[in-house]
Amino acid sequence: MARARVFVGLKETLGRLARSGPIPVFAVTAADAINAVRDLGLRREVEIVATPRHASVLLVAGRFGEGPIAGLSQIHDQLPLPRLTVRWNGEVLAEIPQARLVAGDVVELVDRLLALDAEILAGALASESPLLPDVDAVEWRGVGPYGHGGSGMTGGTPFGRPLADRAPDRDGLELDQLPVSVGPWVGALPAGLELHVKLQGDLIQGVEVGPKVAVMAPVDAFVRALDVPTPVKLLEVERARHHLRWLADVLVVHGLSALGLWALRLAHDLSPSDRSEVERLLSAVRKSGVIKLVVGRIRGGVVSPGVVGTGPIGRAAGSGDDARLDDQSYQELQFQPVIGETGDTAARWNQRMAEVVQSLDLAARAEERTAFGSGCVEGPRGLIVSKQPPASASLLEVLPTLLTGLEWGDAVSVVWSLDLDAFATSVVLLPSGTET
Amino acid sequence: MAALGSALAVFLATVLAVGAAKWAGDVLNPVTLTIPERVPFAGGIPPDYHAWNRFHIRWYTMALLFLAFDMEMVFMYPWAVVFIREGLVSLVEMMMFILILLVGIVYTWRERGFSWA
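First to last, the sequence lines map onto chains A and B. If you count by my numbering, then the first sequence holds residues 1 to 436, one letter each, in order. If you count by my numbering, then the second sequence holds residues 1 to 117, one letter each, in order.
Keep in mind that the hints are not guaranteed to be accurate.
Restricting the straight-line Cα-Cα distance to at most 25 Å, the calculated cross-link-like pairs of lysine to aspartate or glutamate (DMTMM-like) are [unchecked claim]:
| id | chain 1 | residue 1 | chain 2 | residue 2 |
| --- | --- | --- | --- | --- |
| 1 | A | 212 | A | 341 |
| 2 | A | 387 | A | 220 |
| 3 | A | 198 | B | 26 |
| 4 | A | 292 | A | 227 |
| 5 | A | 11 | B | 37 |
| 6 | B | 22 | A | 12 |
| 7 | A | 198 | A | 227 |
| 8 | A | 387 | A | 227 |
| 9 | A | 212 | B | 48 |
| 10 | A | 287 | A | 361 |
| 11 | A | 287 | A | 227 |
| 12 | A | 292 | B | 111 |
| 13 | A | 11 | B | 26 |
| 14 | A | 292 | A | 202 |
| 15 | A | 292 | A | 176 |
| 16 | A | 212 | A | 407 |
| 17 | A | 212 | A | 91 |
| 18 | A | 387 | A | 176 |
Please keep in mind that the hints were generated in silico from the structure rather than gathered at the bench.
Based on the provided sequences and hints, a complete structural model is requested.
Take a look at the structure:
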């Protein structure tokens with residue numbers, strides 16, 4: 001009896017300690033919820049973690065297309081017990097019907113998460129059961145006395161898995177080439193991007209882009225501007241916000257989390273008057289040495305204007321294409337695009353950082369001017385034309401060429417520098433119901 | 001004898017501590033991992049291949065440089081004795097020797113011998 005009381009007391013103490021920290025959340029995010037999940041990461045009550053093994057809550061956010069979400073059941077079962085799933089601003093999940101539905105903004109989600117976390121830690125709420133059977137698709141047990149090995153000198157198929165293939169390395173030696181699948185929900189890559197890479201050591205010898213995750217396309221200010229003339233001030237602040245959020249992501253991926261958090265906070269409440277604060281951030285990024293010493297040393301990853309001639313990627317490679325040049329409001333503001341030269345990874349960083357400042361400057365001078373509204377818009381990733389895939393969509397096709405031959409770390413840098421939209425988006429539905 | 005007693009005490013304390021930690025672990029977390037929980041996480045797709053693979057480590061240049069500086073350090077022990085007797089002349093001679101080795105480092109650096117790929 002006394003022993004049972006000790007355990008109950010111990011469990012209560014551990015539960016209290018667990019409640020005192022932020023709730024670790026692993027997010028599986030559709031395109032329309034990426035920014036909301038970034039904002040969620042700014043809340044002190046929540047910590048967005050990199051793997052489901054560190055999470056208590058699986059958050060499935062945003063509107064996905066029809067069919068199962070790739071990898072979701074596997075991720076669900078990798079959360080340690082007690083686990084729970086929250087479906088935020090989306091339909092009921094076919095894979096996890098017991099997921100708690102939450103509709104609303106970040107504040108409402110955090111309130112609900114806190115309540116659910118308290119319940120599950122107190123034992124008032126049962127942990128979710130595994131979705132997948134506790135059997136291995138391939139028998140891991142080999143023929144050896146300890147379950148190891150198979151046939152052949154190196155064991156053939158140790159623990160049931162085939163060994164890496166063989167392929168010549170750059171010196172002509174026949175060495176192992178390990179096929180590895182990464183994504184679509186791994187922090188090292190943008191959400192939704194699935195890569196099948198062949199690695200020799202950490203050198204990439206082959207890349208295939210996996211199937212795209214189907215999502216509903218987000219409707220942002222740039223999509224609305226396809227049909228309706230939109231204030232230049234709004235568009236340029238949104239453009240700067242997009243680039244700052246991209247900067248936050250790449251800084252975190254490169255290990256500069258504090259600078260990333262600074263960028264994300266700035267993006268959250270951005271206005272044209274924040275220009276000096278933004279310049280301080282960009283100066284700190286340059287002083288950190290990440291562009292010169294890390295990104296600038298990558299050999300490869302160069303995108304020529306012939307591949308993508310539009311958007312920051314095209315401009316970083318020397319292309320002067322920019323739909324804003326054809327718009328009267330921007331002409332009145334004497335807009336001239338920032339144009340880079342080399343088209344490499346560092347050039348893309350510098351390009352977006354320069355465009356953040358330029359956009360805030362345009363927004364400050366725009367007054368009541370409006371722009372676009374006639375079926376094409378210069379978006380933050382490049383040209384958007386009604387009823388056509390965005391020009392930046394072609395980047396996924398050139399990804400194998402860009403990444404083959406790079407070390408894995410450099411390849412991750414190159415992928416993030418491209419600001420990829422890896423999802424397969426269905427038709428864009430405007431609030432009025434008009435299809436674009 | 002006293003040393004043997006101390007060693008035995010340390011051994012017994014270690015056995016007890018390990019046993020207590022295991023018991024506490026089993027009591028506090030009696031859950032065993034399921035097969036899906038044990039699969040390495042790479043974004044949601046289970047791996048098809050075993051991670052055991054052999055690759056070229058490319059440490060040749062770094063290993064050669066290590067050897068050069070290793071031998072230099074061996075050389076510096078007798079030099080320290082000579083330095084007390086000969087003074088500045090031996091210091092200058094050693095500096096020349098180290099400078100020649102440094103040229104090797106600069107050359108390797110220029111040839112990107114330190115980078116993996």
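Structure-based check of all given hints:
| no. | hint | in the structure |
| --- | --- | --- |
| 1 | 212/A with 341/A | 32 Å, violated |
| 2 | 387/A with 220/A | 16 Å, holds |
| 3 | 198/A with 26/B | 40 Å, violated |
| 4 | 292/A with 227/A | 41 Å, violated |
| 5 | 11/A with 37/B | 24 Å, holds |
| 6 | 22/B with 12/A | 21 Å, holds |
| 7 | 198/A with 227/A | 44 Å, violated |
| 8 | 387/A with 227/A | 12 Å, holds |
| 9 | 212/A with 48/B | 20 Å, holds |
| 10 | 287/A with 361/A | 23 Å, holds |
| 11 | 287/A with 227/A | 42 Å, violated |
| 12 | 292/A with 111/B | 19 Å, holds |
| 13 | 11/A with 26/B | 14 Å, holds |
| 14 | 292/A with 202/A | 22 Å, holds |
| 15 | 292/A with 176/A | 33 Å, violated |
| 16 | 212/A with 407/A | 24 Å, holds |
| 17 | 212/A with 91/A | 20 Å, holds |
| 18 | 387/A with 176/A | 45 Å, violated |
Of the numbered hints listed earlier, those contradicted by the structure are 1, 3, 4, 7, 11, 15 and 18.
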